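Chemist: Residues per chain are reported as follows:
There are 2 protein chains.
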Amino acid sequence: MKDFAVVGKSLPRVDAPAKVRGEALYTDDLLLPHMVYGKIKRSPHAHAVIKKIRYDKALELPGVLAVITGDDAPQAYGIVPQAPTEYALAVGKVRYAGEGVAAVAAVDEETAEEALERIEVEYEVLPAVFDPVEALERQDVVIHAKAKNNMMYEGKQEFGDVDKAMAEADFVLERSFKTSYVNHAFLEPHSALAHFEANGFLTVYSSTQIPHYLHRTLSLVLDLPMNKIRVSVPMVGGGFGGKGEVASSELCAALLAQRTGHPVKVTYERSEVFAQHKGRHPCVMTMKIGVSQDGTIQAIDFDNILDGGAYGGWGIVVLFYTAAMIHLPYQVPNARFRGRRVYTNKPTTGAMRGLGGVQPRFAMESMLEDIAKELGMSPYDLRLKNAVESGYTTKSNVYVPHSEFKKCLQTAVERSGYREKQGKLPLGKGIGLAGGYYISGTAYTLYMSYKPHSSALIRVDTEGGIILYTGATDIGQGSNTVLPMIAAEELGVRADDIHIVSGDTQLTPFDLGSFASRVTYGAGQAVRMAAQGINKQLYEVAAVELGVRADQLICREGKIYSQYEPGPVLDFMAAVAKYIDAKGPLSAMGHYSPPRKGMKGVQGANIGQSPTFGFSAQVTEVDVDLETGKVKVLKVTEAGDCGQPINPMSVEGQVEGSIVMGMGQALFEEIKVSPDGRLLNASLHDYKIPTAVDIPEIDSTIVDSYDPTAPFGAKESGEGPIQPVIPAIANAICDAIGVRFLELPITPEKILQALKEKKER
Amino acid sequence: MKDFAVVGKSLPRVDAPAKVRGEALYTDDLLLPHMVYGKIKRSPHAHAVIKKIRYDKALELPGVLAVITGDDAPQAYGIVPQAPTEYALAVGKVRYAGEGVAAVAAVDEETAEEALERIEVEYEVLPAVFDPVEALERQDVVIHAKAKNNMMYEGKQEFGDVDKAMAEADFVLERSFKTSYVNHAFLEPHSALAHFEANGFLTVYSSTQIPHYLHRTLSLVLDLPMNKIRVSVPMVGGGFGGKGEVASSELCAALLAQRTGHPVKVTYERSEVFAQHKGRHPCVMTMKIGVSQDGTIQAIDFDNILDGGAYGGWGIVVLFYTAAMIHLPYQVPNARFRGRRVYTNKPTTGAMRGLGGVQPRFAMESMLEDIAKELGMSPYDLRLKNAVESGYTTKSNVYVPHSEFKKCLQTAVERSGYREKQGKLPLGKGIGLAGGYYISGTAYTLYMSYKPHSSALIRVDTEGGIILYTGATDIGQGSNTVLPMIAAEELGVRADDIHIVSGDTQLTPFDLGSFASRVTYGAGQAVRMAAQGINKQLYEVAAVELGVRADQLICREGKIYSQYEPGPVLDFMAAVAKYIDAKGPLSAMGHYSPPRKGMKGVQGANIGQSPTFGFSAQVTEVDVDLETGKVKVLKVTEAGDCGQPINPMSVEGQVEGSIVMGMGQALFEEIKVSPDGRLLNASLHDYKIPTAVDIPEIDSTIVDSYDPTAPFGAKESGEGPIQPVIPAIANAICDAIGVRFLELPITPEKILQALKEKKER
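Sequence order for the protein chains is A and B. Residues 1 to 761 (this note's numbering) make up the first sequence, in order. Residues 1001 to 1761 (this note's numbering) make up the second sequence, in order.
Think of the hints as simulated: they come from the structure by calculation, not from any bench. Be a bit skeptical, because a hint or two may be false.
Unchecked claim - Sample of chain A residues facing chain B (criterion: CB under 8 Å; computed from the structure):
1. Q157
2. F159
3. Q331
4. P333
5. P509
6. H685
To be verified - Only pairs whose alpha carbons sit at most 25 Å apart, straight line, appear in this in silico BS3-like list of lysine-lysine:
7. B/K1632 with B/K1672
8. A/K758 with A/K630
9. A/K407 with A/K635
10. A/K559 with B/K1632
11. B/K1228 with A/K9
12. B/K1688 with A/K583
13. A/K578 with B/K1228
14. A/K632 with A/K750
15. B/K1019 with A/K228
16. A/K536 with B/K1583
17. B/K1635 with B/K1424
18. A/K228 with B/K1559
19. A/K178 with A/K632
20. A/K559 with B/K1148
21. B/K1373 with B/K1429
22. B/K1228 with A/K19
23. A/K578 with B/K1429
24. A/K672 with A/K688
25. B/K1583 with A/K583
26. A/K228 with B/K1009
27. A/K536 with B/K1451
28. B/K1093 with B/K1051
29. B/K1672 with B/K1093
30. A/K451 with B/K1559
31. B/K1688 with B/K1759
32. A/K756 with A/K178
33. B/K1583 with A/K451
34. B/K1635 with A/K228
35. B/K1451 with A/K583
36. B/K1407 with B/K1395
37. A/K373 with A/K178
38. B/K1759 with B/K1424
39. B/K1536 with A/K536
40. B/K1429 with B/K1759
All values derive from a computational prediction rather than experimental measurement. Even for Gly, the Cβ is constructed at its ideal location relative to N, Cα and C.
The shape of chain A in the complex, shown without the other chains (with noise of 0.2 Å):
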C-alpha cells in the first residue's frame, strides 16, 4: 500500500457519537410550526378496482385538514423515468395488498388514524397472482394493461457462440434455483417531512438514498420547477437500497402540505415499510455451465424469471445486472441470457444492497463447487484458474481496469486452511468458498444527460476552516467520514479540519445519489478534484512566501514545503491567510463523469456498466445440527479487493454487515404471503434477522491492491463482500451433510427433510 497520511487509517464515523447518544437527528426527529400528520389508508385486497372513495365522514372529524386521493396526483413516475408505472396513491385499482389509496393530514397522529377508518373504499375485487411463474401463465390476471403476460420487461443477449461451446464442452452442467422475498430491514422507517413556503418553495426532509431522483420526481408529480423545491437529507438509519426510490410518505406529504399550508409529516409504521418494500427480486433461475476438463469455462446459459411485484421500479436494472453478473468474476467466453421481468400482486421488489448480483451468485457459485467436484479438482483451482485479472474485458465488451480476484481467493483459503479441511470434516461439519464482484458507480444517469455525475465544492477560510460540500449522502455507509479523508489526504491536513456538508439539493453541488457503490469512487473523485484546486491557487501564493516552485510544493500535517529539498515551511492556514489577504476568498470545485463508451482513450464500457469492479473471496464453516435442521454459521473468512482503503474501519463494518445480512437470507429471512396476498410477517418481531447470537466469528483481510483508475486507489466495499455470502454458506452445508440445496432460505425444515429424504434413498 502507498504511504498516506490520513487515507487507509482507520477512523471513527463521524456519526457515530451522536447515534450512540440519541441526540442524532433523524427525519422523525424533526418539528416544524404548525406541523401536522400525515397517514395513509392501505388496500386490504391484493388486486381490485377502486370503484368510489368516499371521505366526508373523514373530513367531518375534528383536526382532519384534508383527504387526497390517487386522482390528485396522477402523474406516473419511476426511479427509471423512461417506463413510469407508480402513483403517489393508487389510481384506478390496486395492485397489491397495501398499497395506498387515499392520505389524510390532520392535526394529531390518533387523529389521523381515525380519520383513516373513517374513509370507505369500494373496491370491485380482481383475480391476483403472487407466483411469477404462474403470473407469466395467468390470462385471466392483468395487472398492468400494458404488460402482456404480465411481463413488464423481457432482455436477451447472447456473446459468443453459446450452443456451439456447449456441445464442445467436456462437462455440462444444469440447475435450476430459487430465491426468496426478502426486505432490507433497515431500523430507521421512511419518513419525510414537507414544507410549503408561502411563495410556494417547497423543501422536503426525507430519509432518501437519492435526494436528487426524489426531487426531479417532486418537480414531476406536483409540476413544480426543480428550482422551487430542496430536497434536505437528515441523518438516516440504513438504506440498502430500500431508500434508493422515490417513496409514497414523500408524496403525500408534499400533495399533503401543499394542500393543507401546514408542513406534514408522514412516517411509516414498520408494516408499511414492508408494503413500501422494493427488496430484493425472488428469482426463478435456470442455469447451465459448460466446462473443459481442466475446469476452463467455456460457456455459461442463464435463463431468469423475476418476481417484480406490482410494479416496475429498479425493475430492468436489476434484470440487466443479473445478466452482468455471469460475465465476472471468472473469464467467460461464451454466455447468453434470458430474462423476465414479471408482475405480480404483491409488494414492488427493486434494488437491494447488491443488486441483481446476489441472486445469480448464489447459482453460479454453488455451480462451480458441483463442477469442480464432478471434475475431480479442488472448488478453489477451478476458480483460481478462470478469475479475472486487471485489463481483461468481458465477452460483453466491459472491460476491468483492475482486479486482485485471485489475492482475495489466495487470501480466503490460506487464512482459513480451506485446503485442509474441505472434504475432510466431520458429518455435520462443513466448509465452503465462493467468489464475487461488484461494480463500483455506473455509467450512466437513468435519464439522458452528460453533466457530471458527482461535484464537491472545497470553500476554505481563515475562521471556519475547510468546508467540504456534496450532494453526496451519508445513508449510514460513512460517505461523511471518508469523502473528508478523502479532502484531507490531498490538502495535507487532518481529516478532523475539515467540516463536511452533504445531502441538501440547495446547499450542496449535484451528486446523482447513494446507490450502486458509486459514492467512494465517484464523489470521492470530485472530492479530490477539489482539492487539488484550492493546493493549485494556494501554492501560487505559499510559493511566493517560501521562495520554492508552486509545482514542487506539497503539504503534510498542516506544513507547506518543498517536497525536493529541506527548507523553509508555511503553515497550511497561514497560507490561507496570505491568500485571503492578497486574492479575496478562497473555493475551488470538483467533479466527477464516468467514462462512456466511444470516450477518447477509455476503453470501451458497456451500457449500465461501473467504471471499475470490487472483489470478494469467502470461506465459510458451518455446524449444522443432524437433530435439529439448524445451522450454525461458525466462521466467516473474508478477502476482498476494495481497491485501497480510505477508512479500513468502515470497510471492515462493510464487510461483516454484508456477511450478517447475507446470512439471514441464506438461513432465515422470507417474507410470507398469505394466499389472498397479505403479508403475514411484516413486522421485526415476525420478520427474523440475525440478531448478536447469530453472529460468526469474521476474519476479514483487505488485500493489498491500488486501482488507478480510483481516487487513491479506492473501489467499492459495501456490496461486493455480500455475493459470495449465501453460496459459500450452502457450499458449506453441502460439505457438512453432501446436500446441494437449490432454494432459499435453506431452513431447519429444509434441512431435516433433505437428511430425511437422503437417509430413505
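Starting from the structure of chain A, add chain B where the hints point.
Modeler: Showing chain B alone in chain A's frame:
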C-alpha cells in the same frame, strides 16, 4: 435613475410570509434532543464585591445539571478587542444591578429558576454612581481599577484653528444638551442555543447581528480554535445594535453546554434584555458654533461626556463617532472635540441605530435653527448654504465621494411647505427642519486585518438553480431580500430565482456582520462581483453557442443575447446546462474590501470612517397641547439620499422605522434608575415606546441619486434617517411654543414646566 430590471423595484421581504404566518423559526423556537435550559442569577446591587458564592443547595435540586460562576470563564472580552472589560459572568465584583453572577443548567426553566433562588451570594456593597459627570469626580467610587476618575477613555481632536475662527466669527452660540438613557426595545429577546458534539465541536445558534465577532469571542472565552466552532443565526426579531455585541446568554449557553454535555438554551426575560442593554449613550454635551454673518459655519467646538454604564462595549467607537458628527453634513473648516466616556454603575451602553450620531445631531441641528433665527435667515437657507456636495473632503480628512444632501433639504422643504409654514403657525402648532447623515460601512475591522470585509459565493446548477451564500446576516433589515436582488440584477434573472443562504460561519463565506449600515454597500459589492464571475464563465460558453463575442453579451429576464445587435437568444438556464456538460459545475466568489487610507488611487479615508455616506432631511410638524403638555407629531416629511435604492419598499420601511424610533426617544423613552441603581421600568409594559396610535403621517421621498462607488449606486438607509428625527421635533416644538429644549425626552411635564416658566417671565 438608471434603467434596471430588478433594482429599484419594490419587493416584499422574503421573510415576511413566514413571520406573518408564525412559521419563522427564531432561536428560542429551536429544540435539540436532550436540550436543557440555562438561567442567570443576577446581582441586586449596583456595585459590590462578590465575597462568596454558595451553590451546593442548587446542585442538590433534582434536575439541576450544573452551576457556573465568573471564575469558570475568567477571560475578559470586548467587541473592541484591544480593551476587553467584560466577562461571561461577573468576576470578583459586580458593577451594575442586574449583572450576572452565576448560571445554572436544568431540565426545565422552572427548575432552573428554583435553582437560582438556592444560590447564595455574599456581597460587600460598595458606593455606586449613576451620573457620568458625578462619576468623574467621585474618588470614593472606583468602578474599574484601570479607569482613573472612572474615565474609560478621553479623546481629543482639533482640525484647523478653532480658537482663532471663533474669535473671528460674527456670531457664536454655546449651549449644553443632555440626552437620555434609552433601550433598543427590539421584539425578540436575546436567545442562544449551544451544543457540543462529542468530538468537541461547538455550534451556537444565536440571535446576533455579529456571528463573526461572536465566533471570535467564543473562541477566546472557551479557549477553542475558531474552526471548532460554528455560529448560525436563525430568524432574528430585531437588533438595532443591541445584538451587535456578544451577550452573556451566548457565553453561558456555551459554557453550560460544555459543562453538562447537553445542548443548552438561554433565552432572556425582558428585564434581562434591559440588563444586557448596550443601548444609546446618554450624553452631556456642550457645543459652541461660530458663524459669519451670512450663515457660513466657521468653527465648532464640541465637548461630550458619554455615560458608558458599567463596561466598555462599543464605547470608544461611539465616542469617536460623536466626534465625526460635527464634520458633516455641513462644511466645517475648523473643529475641536473633547470626548470622555465615563463608567457608571448602570447597565452598559453601546451601539444603537445611528450610533454616535443621534446625540450630537440633536445638539447641532437645534443650534443651527437658533443661529439662523439670530441671523434673521431661514434655517433652511442656512443649512443649504453649508451643505456638503459630492467630492467634499472634511477638515478631518474624510472623503465624501457622493452626496445629494442638498436635494434632500430641497425636497423635504418643498414637499412639506416648510417655507410657508415656519414661524407662521398659531401657538401650539409648529414646524421644524433638521438634516443628518450617516456612514455606509466602515473602513476597518475592529481588530487588525487585511482580509475582505465581505465575501459571497454563487453556485448555479440545473437542478437547484442559483444559490447565493453570504455571511451577511438578516436581522430584520431585509438583507436576505436585497442581496438576491443585487445578484439577480447582475445575472439578468428574477430575484426569486436566487436562493439565499446567509448568516452562518460554516455554511456561508466570511462577513463582518450587520452593523454600521455596511451590508447593502459592502456585502452587496461582494455579491455583485460573484455574479460577475458567473457571467464571465457562462458567457464564454454562451458566446460559442450564439456565435457572438462574449464581451458583447448581456442577460435580461433570463435570456442571454448580444447587447449590440438583434440575433439569437439563449436561455440562462440552457447556458448553465451547456456549461456544466462541457466544463463541470459552475460557481464564483466575490469579495469587498473598503478603500483604506493611502491605498493607491483612493482618496484618504480617516480611521473608522466610511467608504461613503447617506443623507437625510426631515421636516416635522407638531401639535403641542398647551393644557396637557402632550406633543402630537402630526406629519414628518422626509427626503433621503440612499443612492439608488435596491428595494424602495425596504428603504421606506427603514425610514418609517427610524422616524418612529427617533420620535419615541424625543418624546417619552427613558430608562428610569432608582437611587440605588435598579432599573424601574425594565419591561415593555413600563418602558414606553411608540405604538400605532402615536405614529404620524409620514411622507418619505428617495431623492434621485446614484453613488458610482456603490453596488448599483446604493448606500445606507437604515441609520441616516434617524439622525434628523429628534432635532426636527425639538425645532418644531420650539416653533410651536417658543421654547428650546436642551434635554431629552421632551415630556409633557417638561413642556408644562417650561410654559409655566415662560408665563412667569
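Chemist: Look at each hint and say if it fits the structure.
Modeler: How the hints compare with the structure:
1. The interface hint given for A/Q157 is broken, as the beta carbon of that residue sits about 30 Å from the closest beta carbon of chain B, more than 8 Å.
2. Below 8 Å, beta-carbon pairs count as interface contacts, and A/F159 has none with chain B, the closest being about 32 Å; its hint is therefore violated.
3. The restraint placing A/Q331 at the interface with chain B is violated, with a minimum CB-CB distance near 37 Å, outside the 8 Å limit.
4. Of the supplied interface hints, the one on A/P333 is violated, with its beta-carbon coming no nearer than about 38 Å to a beta-carbon of chain B, more than 8 Å.
5. With its C-beta approaching chain B no nearer than about 5 Å, A/P509 sits inside the 8 Å limit, and its interface hint holds.
6. Because the smallest distance between the Cβ of A/H685 and any Cβ of chain B comes to about 26 Å, over 8 Å, the interface hint for this residue is violated.
7. With a CA separation close to 23 Å, the supplied pair B/K1632 and B/K1672 stays within the 25 Å bound.
8. For the suggested pair A/K758 and A/K630, the alpha carbons sit about 17 Å apart, so the restraint of at most 25 Å is met.
9. In summary, the hint linking A/K407 to A/K635 is supported, as the alpha carbons are separated by about 20 Å, within the 25 Å threshold.
10. Distance hint between A/K559 and B/K1632 is unfulfilled; the C-alpha atoms sit about 68 Å from each other, more than 25 Å.
11. For the hint linking B/K1228 to A/K9, the alpha-carbon distance of about 22 Å falls within 25 Å, and the restraint holds.
12. For the proposed pair B/K1688 and A/K583, the alpha carbon gap of about 50 Å is over 25 Å, so the pair is violated.
13. Restraint check for A/K578 and B/K1228: the C-alpha separation of about 21 Å stays at or below 25 Å, so the hint holds.
14. A C-alpha spacing of about 15 Å is found between A/K632 and A/K750, which places the hinted pair at or below 25 Å, so the restraint holds.
15. For the hint linking B/K1019 to A/K228, the alpha-carbon distance of about 20 Å falls within 25 Å, and the restraint holds.
16. With a CA separation close to 18 Å, the supplied pair A/K536 and B/K1583 stays within the 25 Å bound.
17. Restraint check: the Cα-Cα separation between B/K1635 and B/K1424 comes to about 17 Å, which is no more than 25 Å; the hinted pair holds.
18. At roughly 19 Å between alpha-carbon atoms, A/K228 and B/K1559 fall within 25 Å of each other, so this suggested pair holds.
19. Note on A/K178 and A/K632: the hinted pairing holds, with a Cα-Cα distance of about 22 Å set against a maximum of 25 Å.
20. At roughly 47 Å between alpha-carbon atoms, A/K559 and B/K1148 are farther apart than 25 Å, so this suggested pair is violated.
21. A threshold of 25 Å between alpha carbons decides the hint, and for B/K1373 with B/K1429 the separation of about 18 Å falls inside it, so the pair holds.
22. The straight-line distance between the Cα atoms of B/K1228 and A/K19 is roughly 20 Å, inside the 25 Å bound, and the hint therefore holds.
23. Distance check on the hinted pair: A/K578 and B/K1429 sit about 62 Å apart at the alpha-carbon level, beyond 25 Å; violated.
24. With a CA separation close to 11 Å, the supplied pair A/K672 and A/K688 stays within the 25 Å bound.
25. For the hint linking B/K1583 to A/K583, the alpha-carbon distance of about 24 Å falls within 25 Å, and the restraint holds.
26. Restraint check: the Cα-Cα separation between A/K228 and B/K1009 comes to about 22 Å, which is no more than 25 Å; the hinted pair holds.
27. Taking the CA atoms of A/K536 and B/K1451, the gap is near 20 Å; set against the 25 Å cutoff, the hint holds.
28. Of the pairs offered as hints, the one joining B/K1093 and B/K1051 holds, with about 8 Å between alpha carbons and a cut-off of 25 Å not exceeded.
29. As the CA atoms of B/K1672 and B/K1093 are separated by approximately 23 Å, the hinted pair is consistent with the 25 Å bound.
30. Simply put, A/K451 and B/K1559 have alpha-carbon atoms about 22 Å apart, close enough for the 25 Å limit, and the pair holds.
31. A distance of roughly 30 Å separates the Cα atoms of B/K1688 and B/K1759; the hinted pair therefore is violated under the 25 Å criterion.
32. A hinted pair counts as satisfied when its Cα atoms are at most 25 Å apart, and A/K756 with A/K178 qualifies at roughly 21 Å.
33. Of the supplied pair hints, the one linking B/K1583 and A/K451 holds, its CA atoms being roughly 9 Å apart against a limit of 25 Å.
34. Using a Cα cut-off of 25 Å, the hinted pair B/K1635 and A/K228 is violated, with the two alpha carbons roughly 43 Å apart.
35. Our distance criterion of 25 Å between C-alpha atoms is met by B/K1451 and A/K583, whose separation comes to about 9 Å.
36. In summary, the hint linking B/K1407 to B/K1395 is supported, as the alpha carbons are separated by about 23 Å, within the 25 Å threshold.
37. For a cut-off of 25 Å, the pair hint linking A/K373 to A/K178 stands: about 22 Å separates their Cα positions.
38. Simply put, B/K1759 and B/K1424 have alpha-carbon atoms about 21 Å apart, close enough for the 25 Å limit, and the pair holds.
39. Straight-line distance between C-alpha atoms of B/K1536 and A/K536 comes to about 21 Å, which keeps the hinted pair within the 25 Å bound.
40. Restraint check for B/K1429 and B/K1759: satisfied, since their Cα atoms lie roughly 18 Å apart, inside the 25 Å limit.
The structure does not agree with the numbered hints 1, 2, 3, 4, 6, 10, 12, 20, 23, 31 and 34 stated previously, though it agrees with the rest.
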